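K.L.:
Below are the chains, spelled out letter by letter.
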Amino acid sequence: MNLLVLPILVPLFTALLVALLNGRGMLQKVVSLGSCLWLTGFVFWLLLHVDKSGIESMCFGGWEAPFGIVFVADRLACIMLCLSMLVGTVVLVYTFWTVTDIQQKYFFYPLFQIVLLGVNWSFLSGDLFNLFVAYEVMLVGSYGMMMVGANRGQVLQTMKYIAINTIGSTLFVVGCGLLYATVGTLNFADLAQKTATLSGSRAGLVTAISMVLLVVFAMKTATFPLFFWLPDSYPVVPAGVSGYFAGLLTKVGVYSLLRVFIMVFRQDGHVFSINVLLVLSGFTMLLGVLGAMCQWDIRRILSWHIISQVGYMVMGVGLAANPMIAEVAIAGTIFYIVHHIIVKSSLFLIGGIAERVSGTQEIRKMGGLLDMAPGVALLFIVASLSLAGMPPFSGFLCKLVLIRAGLTGGNYLIVFVALVTGFLTLYSMTKIWSYAFWRNQCHKVVGFNYRGMMAPTAILVVMTILMGLYAQPFLSLGQRAARSVLDPQGYIAAVLGSGDEEPVADTPLEVSEPSRDPMRLVCGQPKEHRR
Amino acid sequence: MSDLEHVLPAIVFLPFVVAIFTLLVGRLIGRQAGWLMVLSSVTAFAGSLWLFIHQQVHDRVVPVFTFAWLPDLNIHLNLRADPFGLFFAMLIAGIGVLVGIYSLGYIPRLATGRIGRYYAALIGFMGSMLGIALADDLFLLFVFWEVTSITSFLLIGFWYEQDKARKGALTALQITALGGLAMMAGFVLVGEATGTYQISMLASQEVLRQQLADSPLFMPALLLVFVGAFTKSAQVPFHFWLPNAMVAPTPVSTYLHAATMVKAGVFLIGRMLPIFNQSACWSPILITVGLLTFFVGAYQAFRENDLKGMLARTTISTLGLVMMIYGLNAASQDALQIFNHAAYKGALFLVVGIVEHATHTRDIRNLGGLRKKMPTVFVLCLLSGLSMAGLPPFFGFIAKEALYAELLHNVFLHNRPFLQWFVIGTCVLANAFIFAVSFRLIFGVFLGPLSDKAQDVHPPCAFLWIPPAILAVVTVAVGISSAWPSTQNLMNMLSSEVHAEVHVSLFPSVDHLGPLILSCCTIGIGILIFKARGVVGQAQRQFDLLPAMQTVWDGFLNGVTWFAECFVHHWQNGSMRWYFSAILLFFVGLSILAISYFRLSFDLVPISLSQMPWSGLSLCVLLVITVVTVVVAQTRLGAAIALTATGFLVALIFVVYRSPDILLTQILIESVSTIFILLILFYMPSFKKDRLRPAQKMLNLGISCAVGVTMFIFVLFATSLPFRETENLAGEYLSRAFHGAGGQNAVNVIIVDFRAVDTMGEITVLVVVGLCIFGLLRTRRRMQL
Amino acid sequence: MNNSPILRTVVRVAVPITIIVSLRIFFQGHSQPGGGFIAGVLVAAAGAMYLLGFGIERAARWAWWKISVIGLLVSVFTGTVPLLLGRSFMDHAVWQRHLPVMGDIHLSSAILFDVGVYLIVFGTLMTIFVELGQEGR
Amino acid sequence: MELLIAIVIGVLFGGGTYLILRPSLIRVVMGLALYSNAANLVMIACGGYSPDRTAPFVNSDTNSISTLMDPLPPDFILTAIVISFAVNALFLTTCYFVYLDHGTDDPGQLPVNKLKVENDFVE
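Protein chains in written order, with the numbering used here: chain C, 1 to 531; chain B, 532 to 1316; chain G, 1317 to 1453; chain E, 1454 to 1576.
I should point out that these hints are in silico values taken from the structure, not numbers from a laboratory. Treat the numbers as computed from the prediction; the structure is a model and nothing was measured. Each residue gets a CB set at the ideal place from its N, CA and C atoms; glycine is no exception. Treat the hints with caution; some may be incorrect.
What the hints assert, rightly or not - Using 35 Å as the maximum straight-line C-alpha spacing, the simulated DSBU-like pairs for lysine-lysine come out as follows:
#1 C:52 <-> B:695
#2 B:695 <-> C:431
#3 C:29 <-> G:1382
#4 C:431 <-> G:1382
#5 B:904 <-> C:365
#6 B:695 <-> B:904
#7 C:365 <-> C:29
#8 C:431 <-> B:698
Unchecked claim - Label-pair ranges, simulated between beta-carbon atoms:
#9 B:1313 <-> C:52: 27 to 37 Å
#10 C:52 <-> G:1400: 42 to 52 Å
#11 B:642 <-> G:1376: 52 to 62 Å
#12 B:1124 <-> G:1336: 35 to 45 Å
#13 B:1104 <-> G:1400: 48 to 58 Å
#14 E:1505 <-> B:1101: 30 to 40 Å
#15 B:812 <-> C:52: 30 to 40 Å
#16 B:1214 <-> C:200: 37 to 47 Å
#17 G:1400 <-> B:1186: 39 to 49 Å
#18 B:1202 <-> C:364: 28 to 38 Å
#19 B:1214 <-> G:1324: 50 to 60 Å
#20 B:1134 <-> C:497: 22 to 32 Å
To be verified - Derived coverage of chain C by chain G (criterion: at least 3 residues anywhere in the stretch with Cβ under 8 Å from a Cβ of chain G; other residues may be distant):
#21 60-70
#22 329-343
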């Protein structure tokens, strides 16, 4: 389907157009918003379409894969696209109230579109080297975004961010090269096909090479011990946009882990890398939340929480080593990604409002926000409880799925770590609440009208409530997405074609027979069936 | 009968709707939001009562509401109205009515928005408690369970300007959430072992129970669920949050911390009894914890000077008692005990609230002689206090008799005479302490000389005294009515045990003198303790029974925070050198791990030196020399030139590989880069001597070697013949370059045609970098102006 | 240095030559080493020479980044046209014609794409040169 | 040639690493430049070497494509070169401003965590 190019084409055109419209703020806003809304509509349609009628792929220039570059939209990619555009639109509206003149003059809106472009591209790309390019586009957009406004802190942290990411990019190129040498292709579908036939020491080498990519993706994902860039850099991103960064950028890494380490690498011994991820996830969760515990800057706290939350997602990926629970674990991860993007973005947006209202980023200097801005307080408590995994919000369900998968698979240690992390997350979030929202008002009121910023934020918060109370469609969507990630046959058929024009193997998975439903195998059947 | 089950979700979810409504309109109606609370609780009470009566009149069918909420997770919205659940629901809704009325008089005139929030949380809390009472799915129960934690957190922190209130709220949330997490894991394990989360099914089906009992997950599940119940019900050693939570407004304390929420843990154990009680450690754990809590609570209550603290600790004590009853498998009297406690403790809390409202103090040492100022309240306090003391004919007496009777005839204890007498002795002593506490309360507050604080006190308004009056009347009425067997039947009906046979009577028969004797002992010892309160108080200050768990908990949290600070300080230290080293070392470590794990050794790689072209060799040697020059160069210019030379040499290596396109590009790019570097060097300071210590330099060198060697190994393996994949895409590209795309230079055709999207990304990067640099420099220049 | 007449003369001669060379390299890209990128770098080098010779002030008034943005627009637009015609993005058309004087010519719409690249490289490098060059004062 | 190129790549990576670990931003820039060169060499090495191959130029009478170099790695390298050049230019600029702001080009002397995060709005 040729339209698959739209998620990158529209932001790119918009970015260029908006750049040329420099100096005409109103028009820039209108154009950006129009394109975002339109594209959001499109990707949601795409999700429904793909969910119904199977994986869509598109070959660039009409050159068929693996020879040409291919964009593939399976369920997972579509879910991620929808989230990207949803959060992107929300954040865009939010930034209408926060962007300063100088930021606007020096390419705030174009850069924002470039980030969208890079993120969307990463989700659609069906080729490893193309993914590298997408990463670079995303990164360079984020460098620019981070520096917009150009104050001292921003430039310093951007410098470190660039340096670290340059190492990552170098490793990515190296990984691509080595993989091309050993497998002879970089197309995901082709790789998945070819790695599956590998064995012996060649398979071992491919797994070792995949470690290079693992480092790259883990760096993007901000897992232990590669998360250095995150807590330093996110606090300097302009308010609002940090919401998009917090939600999407690390998730691009998780997505790539899922795509590459679950779907693509299928050689003998690929479980090694998944197990490595499981170990890393434990440290990530725990250390991330510990980092959050001793911070006093609201954005820093939230940034550290990203790390610990990413740990959960990586844990889901890591649990997939056990084929019995793989599908549940991946479904849980996908659901977790959805939840986390929405919640973390909304928290950053709320944090931005809180900063504006109180005129400070430090929670010790805030106080009494509950009285000053009760609406913000309501949004915050919902989002933070959701983040901490309290029912009835979405955070609870996705933690539950992962914990259940872990217990079924017998990974008790990681489940223990996950539970402890959940507790400490709650501790840290209630700390914010207690300091910033409760207490006496301890600062002068900055007369600031935040109502315009509330509406977009509220959309996200409502989403998390909805996903908690009415989770079934999301869960089953996640499950279907997980199934097509775990079994790449549909993907391969959609990309490489199965010879003739018969419909791809990935038939819509409607309600299957309950006893066959693996989600239910976890819990829902007597034991005999499971063994 | 058909629509009966639809009453259930209405009971549970209507309060939530009302809560949201209250939140929305709270700003407008302020104090009047209390009526919404009254209204919703009356509705819930009426609904529950109707269900109960209907159930009793019509063939005792239990209405069940089922809705497939999360079929994928096997979690269903199952509500089930068995008598025990209905009893609990009626208790919640009934006390809710009273608390709603009481709040109307109690909550001071604050900002209307804040009062709206208060009522919203209170109503939401009630809804979730009703959910706990009626849920028939472990995870549905868990959802409501956590919602009570959240709402109680918000309610305890009502006076959030005060440090103590925030601390109390946080501690309460932390402890209950910790228990909640444990409980969640426990529930998951139960589901793992049995395949269902439906409580009634687990309780009733022998097969499932057997499956659970045989599972290795049985013990952990049991323990985890226990932790959840213990934290919620403030059992030792998790009891400390409850006294701290007394900073809440008194209606909240009454509702949450006396009548309903803390009973959720007990209720849960009651629900779990049929599921878990085959376990060998069911009784020992519950009896130990329950008895310990029972005694410690009573003992510490007597020491307390804060009125609400006293009541909170006696509450802990009673909760321990109920736990113990469950441990003794004597569930038949749970409804009796719970109801009894809710009635008198609710009334006492409300009375204390009135006293505090009027005198602005809760310290018993500052109070006294209030009976003259507020006689009605005195009467109410007397009635409830005597019930707590366990004097006839009050409800408390009945409950205590029932307890003693159970202790004397319990099967579990009967075979262990020593344990039996130990338990009975401890219970008598604990009850005696409670007796003394209630006397201390009555005497300290209402009798004796009028204190200074109480000089200008006037009687409470009707909103304040009517609710405790109703509870006091209930206490008396049930006590007296137990002379008739219908009360006994009612209590048996409400109990969690299906065929409960608890014997309740105001007038002990000749056959059952044992309990009466024990009661007399209790009262005797109680009077002694009360008389000797000076001495006892002195002694209690000497012997603290337990280390202050609050200190332990705070110490734990502080320790974790301290560790976190150390970690962040050393780990996220902002030093690029450390960041780079860690990243690279991680990369090296992981790669080496993988390489050694898969036993890739150099034996697998054929190394032939024969095919080496001389041009290549000389280029490589030169390249190594220039790299070393860049590294060791002491001047900026030297380094820059060496770097450029490196770039050019790399370009020449591309020639060896027959790739002229990149040769040109590389040379041009290298030149432009050099220009940039020189441009910037012009502004930057010259190289200084490294401040690094020799050890650090060695470390750097080590890391560099490790990285270099790792890359060397990777490249060597990947390019060597046994590992190389020769069936790659090259042929395809070459054959199509001319005929398909009409170009002779295959590389260029790939760039602009086959893989044009890569190029598109690349040029996008270039454009964006231009924009970034332009923006950065212009912004800076503008800031300087 | 800016006002050195010798430099100006050299620049006056060198710049046109460089531009011509760059155009040559640009057009041979499809069959021999070359292409939009390299040509763009060369023409930017010409621009840099011009800056050296005639000073930066006049150049600084220009918004050079707009050239690169327009270049990217051109490139992307080249890819979009087939999309609008119902074919896939970046589907390049090739015309093979035999012209009387120039002989066999392969004209691919990819050339237009390369024009974009050319403009981008030129625009971006000029932006950087001009902006960084202004920094010193 | 594989062995040789592997050694060179190792040296480039080692040298780059040593440079980025030294306390000077300019050296970090140079180290990263070495890195990108090294990565490009990895790529070209992975295209495979054989002395009797020629550059990948094809025309209508090219009949044996097996004697041509693999054109894909050069394509990757071109993309990678341009990207790393662009990013390095940006990095260089930020380094320059970091030096302007803080008066030092030693990363070890830059403000660490204690740095107050400056916000993008002014009261």
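K.L.:
Are there three or more residues in the region 60-70 of chain C whose C-beta lies closer than 8 Å to some C-beta of chain G?
P.N.:
Answer holds; 3 residues pass the 8 Å Cβ test.
K.L.:
Has the region 329-343 of chain C got at least three residues whose CB is nearer than 8 Å to a CB belonging to chain G?
P.N.:
Check failed, 0 qualifying residues.
K.L.:
Taking 35 to 45 Å as the stated bounds, is the beta-carbon spacing between residue 1124 of chain B and residue 1336 of chain G within them?
P.N.:
Distance hint for residue 1124 of chain B, residue 1336 of chain G is violated at roughly 57 Å.
K.L.:
For the range 42 to 52 Å, tell me whether the beta carbons of residue 52 of chain C and residue 1400 of chain G fit it or not.
P.N.:
Hint violated: Cβ distance 27 Å, outside 42 to 52 Å.
K.L.:
What's the verdict on residue 29 of chain C and residue 1382 of chain G, does the C-alpha distance respect the 35 Å limit or exceed it?
P.N.:
holds, 19 Å
K.L.:
Holds or violated: residue 904 of chain B and residue 365 of chain C, Cα atoms, limit 35 Å.
P.N.:
violated, 46 Å
K.L.:
Given the range 37 to 47 Å, decide if the beta-carbon distance of residue 1214 of chain B to residue 200 of chain C lies inside it.
P.N.:
Since the Cβ atoms of residue 1214 of chain B and residue 200 of chain C sit about 56 Å apart, the hinted range of 37 to 47 Å is violated.
K.L.:
Take a quick look at whether residue 365 of chain C and residue 29 of chain C sit within 35 Å of each other, Cα to Cα.
P.N.:
Roughly 34 Å between the alpha carbons, so the hint for residue 365 of chain C and residue 29 of chain C holds.
K.L.:
Could you check the hint for me, namely that residue 1400 of chain G and residue 1186 of chain B are 39 to 49 Å apart, CB to CB?
P.N.:
holds, 42 Å
K.L.:
Using the C-beta atoms of residue 1134 of chain B and residue 497 of chain C, is the stated range 22 to 32 Å upheld?
P.N.:
Once the Cβ atoms are compared, 41 Å apart, the range 22 to 32 Å for residue 497 of chain C and residue 1134 of chain B is violated.
K.L.:
Can you confirm whether the C-alpha distance between residue 695 of chain B and residue 904 of chain B stays at or below 35 Å?
P.N.:
Judged against 35 Å, a Cα distance of about 31 Å means the pair holds.
K.L.:
Is 30 to 40 Å respected by the C-beta to C-beta distance linking residue 812 of chain B and residue 52 of chain C?
P.N.:
53 Å Cβ-Cβ, so the 30 to 40 Å window is violated.
In summary, the structure is inconsistent with hints 1, 4, 5, 9, 10, 12, 14, 15, 16, 18, 19, 20, 22 from the numbered list given earlier, while agreeing with the others.
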